Amino acid sequence: DTAVSQTPKYLVTQMGNDKSIKCEQNLGHDTMYWYKQDSKKFLKIMFSYNNKELIINETVPNRFSPKSPDKAHLNLHINSLELGDSAVYFCASSQEIDGTYGYTFGSGTRLTVV
Amino acid sequence: RKEVEQDPGPFNVPEGATVAFNCTYSNSASQSFFWYRQDCRKEPKLLMSVYSSGNEDGRFTAQLNRASQYISLLIRDSKLSDSATYLCVVNLILPTDSWGKLQFGAGTQVVVTP
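Sequences listed follow chains V and F, in order. Numbers 1 to 114, taken from the working numbering, label the letters of the first sequence in order. Numbers 1 to 114, taken from the working numbering, label the letters of the second sequence in order.
Treat the hints as calculated values from the structure; they're not laboratory data. Keep in mind it's a predicted model, so treat the numbers as computed, not measured. Be aware that one or more of the hints could be misleading.
With a cut-off of at most 35 angstroms between alpha-carbon atoms, the simulated DSBU-like pairs for lysine-lysine come out as follows [to be verified]: (1) V:K71 to F:K79; (2) V:K36 to F:K2; (3) V:K19 to V:K52; (4) V:K9 to V:K22; (5) F:K79 to V:K40; (6) V:K22 to V:K40; (7) V:K67 to F:K2; (8) V:K52 to F:K79; (9) F:K79 to V:K41; (10) V:K40 to F:K101; (11) V:K71 to V:K9; (12) F:K45 to V:K52; (13) V:K36 to F:K79; (14) F:K2 to V:K9; (15) V:K22 to F:K42; (16) F:K45 to V:K40; (17) V:K41 to F:K42; (18) F:K79 to V:K67; (19) F:K101 to V:K19; (20) V:K19 to V:K40; (21) V:K22 to F:K45; (22) V:K19 to F:K79; (23) V:K44 to F:K42.
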């Protein structure tokens, strides 16, 4: 059973299009995240939700809009895609265990904007 | 200055040898520390947490030096399967926030050769 699953795994699209990436976790975690890993390999947090409430919103263009219909799902919608949006997007979830946070990542969505 | 800095490598290590590398972090308020492993085109996976007193997990030893703001990872008796990128990760909870944010280094690439 996949703990954190993202779809699609690969996404190739043209500039200007709107696309969505979906994420689901079956771990019962309260918190979910979207991270972006660019060509320089840095993983940067974009958004975080705790029990459907937005708690972290980093400096991200407002073309990116997360949605959390319930605590097991966190989707990412991107409007007017640009070349610079090409990256791998990782969904993750976490839960506090004994004062520390255990994070589990999805396998990533490789987005290529052409 | 990046919040978490690592030597990108690659560290080319003969099988059976020992390799060690460090990571520095800029915010002294950082609260918890981890090493994650990321294989090519895969998601990051937790390798080990790093505790103040230092800790071992099999062939892996992690150390934390709060005074100098660095953490280290040592791999003994390297195996071919240890070839990966090792991400230094710091969890920062600012006084103004209720939530921690994982901050990732760009990773240190380790290549174990036969």
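Okay, the hints, checked on the actual structure:
{"no.": "1", "hint": "V:K71 to F:K79", "result": "violated (39 angstroms)"}
{"no.": "2", "hint": "V:K36 to F:K2", "result": "holds (16 angstroms)"}
{"no.": "3", "hint": "V:K19 to V:K52", "result": "holds (21 angstroms)"}
{"no.": "4", "hint": "V:K9 to V:K22", "result": "holds (10 angstroms)"}
{"no.": "5", "hint": "F:K79 to V:K40", "result": "holds (26 angstroms)"}
{"no.": "6", "hint": "V:K22 to V:K40", "result": "holds (24 angstroms)"}
{"no.": "7", "hint": "V:K67 to F:K2", "result": "holds (29 angstroms)"}
{"no.": "8", "hint": "V:K52 to F:K79", "result": "violated (42 angstroms)"}
{"no.": "9", "hint": "F:K79 to V:K41", "result": "holds (24 angstroms)"}
{"no.": "10", "hint": "V:K40 to F:K101", "result": "holds (20 angstroms)"}
{"no.": "11", "hint": "V:K71 to V:K9", "result": "holds (22 angstroms)"}
{"no.": "12", "hint": "F:K45 to V:K52", "result": "holds (25 angstroms)"}
{"no.": "13", "hint": "V:K36 to F:K79", "result": "holds (30 angstroms)"}
{"no.": "14", "hint": "F:K2 to V:K9", "result": "holds (29 angstroms)"}
{"no.": "15", "hint": "V:K22 to F:K42", "result": "holds (18 angstroms)"}
{"no.": "16", "hint": "F:K45 to V:K40", "result": "holds (19 angstroms)"}
{"no.": "17", "hint": "V:K41 to F:K42", "result": "holds (12 angstroms)"}
{"no.": "18", "hint": "F:K79 to V:K67", "result": "violated (42 angstroms)"}
{"no.": "19", "hint": "F:K101 to V:K19", "result": "holds (26 angstroms)"}
{"no.": "20", "hint": "V:K19 to V:K40", "result": "holds (23 angstroms)"}
{"no.": "21", "hint": "V:K22 to F:K45", "result": "holds (20 angstroms)"}
{"no.": "22", "hint": "V:K19 to F:K79", "result": "violated (41 angstroms)"}
{"no.": "23", "hint": "V:K44 to F:K42", "result": "holds (16 angstroms)"}
Hint compliance for this structure: hints 1, 8, 18, 22 are broken, all remaining hints hold.
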